[in-house]
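Chain order of the listed sequences is A and B.
The first sequence: position 30 = 343 (this note's numbering), numbered continuously.
The second sequence: position 25 = 617 (this note's numbering), numbered continuously.
These are computed hints drawn from the structure, not numbers from a lab.
Incorrect hints may appear among the rest.
[What the hints assert, rightly or not] Partial list, computed: chain A residues near chain B (C-beta under 8 Å):
no.	residue
1	347
2	356
3	359
4	362
5	370
6	372
7	374
8	402
9	414
10	416
11	418
12	419
Here a beta-carbon is modelled for each residue, glycine too, at the ideal position from N, C-alpha and C.
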Amino acid sequence: GESVGLHLPTLSVQEGDNSIINCAYSNSASDYFIWYKQESGKGPQFIIDIRSNMDKRQGQRVTVLLNKTVKHLSLQIAATQPGDSAVYFCAETTYNQGGKLIFGQGTELSVKP
Amino acid sequence: DAGVIQSPRHEVTEMGQEVTLRCKPISGHNSLFWYRQTMMRGLELLIYFNNNVPIDDSGMPEDRFSAKMPNASFSTLKIQPSEPRDSAVYFCASSLENPPDTQYFGPGTRLTVL
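Only chain B is shown next, with the shape it has when bound in the complex:
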């Protein structure tokens, strides 16, 4: 199994540009999670999906952030427009929903907004 796959691994963009982060969960997993990690705030859950349906997006910072999961093998996290304070490492993780099970993390996308 290839594990959770994220792309790109690194993204440098300018303030105001749109950024799209991509995630392919582990095959057979029905829950997908997006996290953001910064030195200031640690590891924060942004949103999670069960069976492709968004369940809890209370961690999404603001309307500039949106996430989709069009099918069981793909999800995107989009920031539009991006701001310097969005600079962070963004992780995607997947797991089986029931019973609550281990979340397996991808390698992350390091985003730098200039």
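Next comes chain A alone, as it looks inside the complex:
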């Protein structure tokens, strides 16, 4: 049969608006979470992380929220810029996994000028 590529969820926002990217993680025992940004032709780049003893962490223009009750992670980007256009991945792991990350499928963020 014919092969098809992954159809990534897509979020399109206007420059200057806030963006919210969501991720449902799989393992209730996961205790460390990371958001990565991947621009076209480049490797995934670390944005922000959060450990399970926290429910919110802020960086420069980015905030990560963790809801362990429903196994949900979100990335908020304030005042989105064209340079934020990329695919965003969430990743999870546990302390007994030796650092092995489980990646989500990714969300493509498109910023319109």
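Place chain B on chain A using the hints.
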């Protein structure tokens, strides 16, 4: 810090040829990961090492794939013989093992097997 270094950045080869991808992790990191990324399957973990020892190679597609880490500053991923379906971008990443920490990715090697 130069970050994770991968070579070559691009590789085009013919089916049946041997391909060797190289990775230099960030100095001081004791975990190294090899990933493959395709449109079909997304980002897949192939194998990872802790302190130069392979820990989990369950993601290696088949016996044609092998990986080594002879020392803390160098790793290779070899495909022999290569097939067109191996065409993908291969990433290397490194991190500190304990506590589980951020993995830093290299720029990737884009492999095309004709």
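Verification of the supplied hints:
Hint status for residue 347/A: holds, given a least beta-carbon distance of 6 Å to chain B, under 8 Å. Residue-level restraint check for residue 356/A holds (minimum Cβ-Cβ distance to chain B is 4 Å; threshold 8 Å). Below 8 Å, beta-carbon pairs count as interface contacts, and residue 359/A has one with chain B at about 5 Å; its hint therefore holds. For residue 362/A, the shortest C-beta to C-beta distance to chain B is roughly 6 Å, which falls under 8 Å, so the interface hint holds.
Taking 8 Å as the C-beta cut-off, the interface hint given for residue 370/A is violated, the closest approach to chain B being about 13 Å. Interface hint at residue 372/A: violated, since its Cβ lies 13 Å from the closest Cβ of chain B, which is beyond the 8 Å cut-off. Because the smallest distance between the Cβ of residue 374/A and any Cβ of chain B comes to about 18 Å, over 8 Å, the interface hint for this residue is violated. Given hint, residue 402/A at the interface with chain B, holds; its Cβ is 7 Å from that chain's nearest Cβ, closer than 8 Å.
The restraint placing residue 414/A at the interface with chain B holds, with a minimum CB-CB distance near 6 Å, inside the 8 Å limit. Because the smallest distance between the Cβ of residue 416/A and any Cβ of chain B comes to about 5 Å, under 8 Å, the interface hint for this residue holds. With a least beta-carbon distance of about 6 Å to chain B, the hint placing residue 418/A at the interface is held under the 8 Å criterion. Annotation: interface hint on residue 419/A holds; nearest CB of chain B at approximately 7 Å, less than 8 Å.
The structure shown violates the earlier hints numbered 5, 6, 7.
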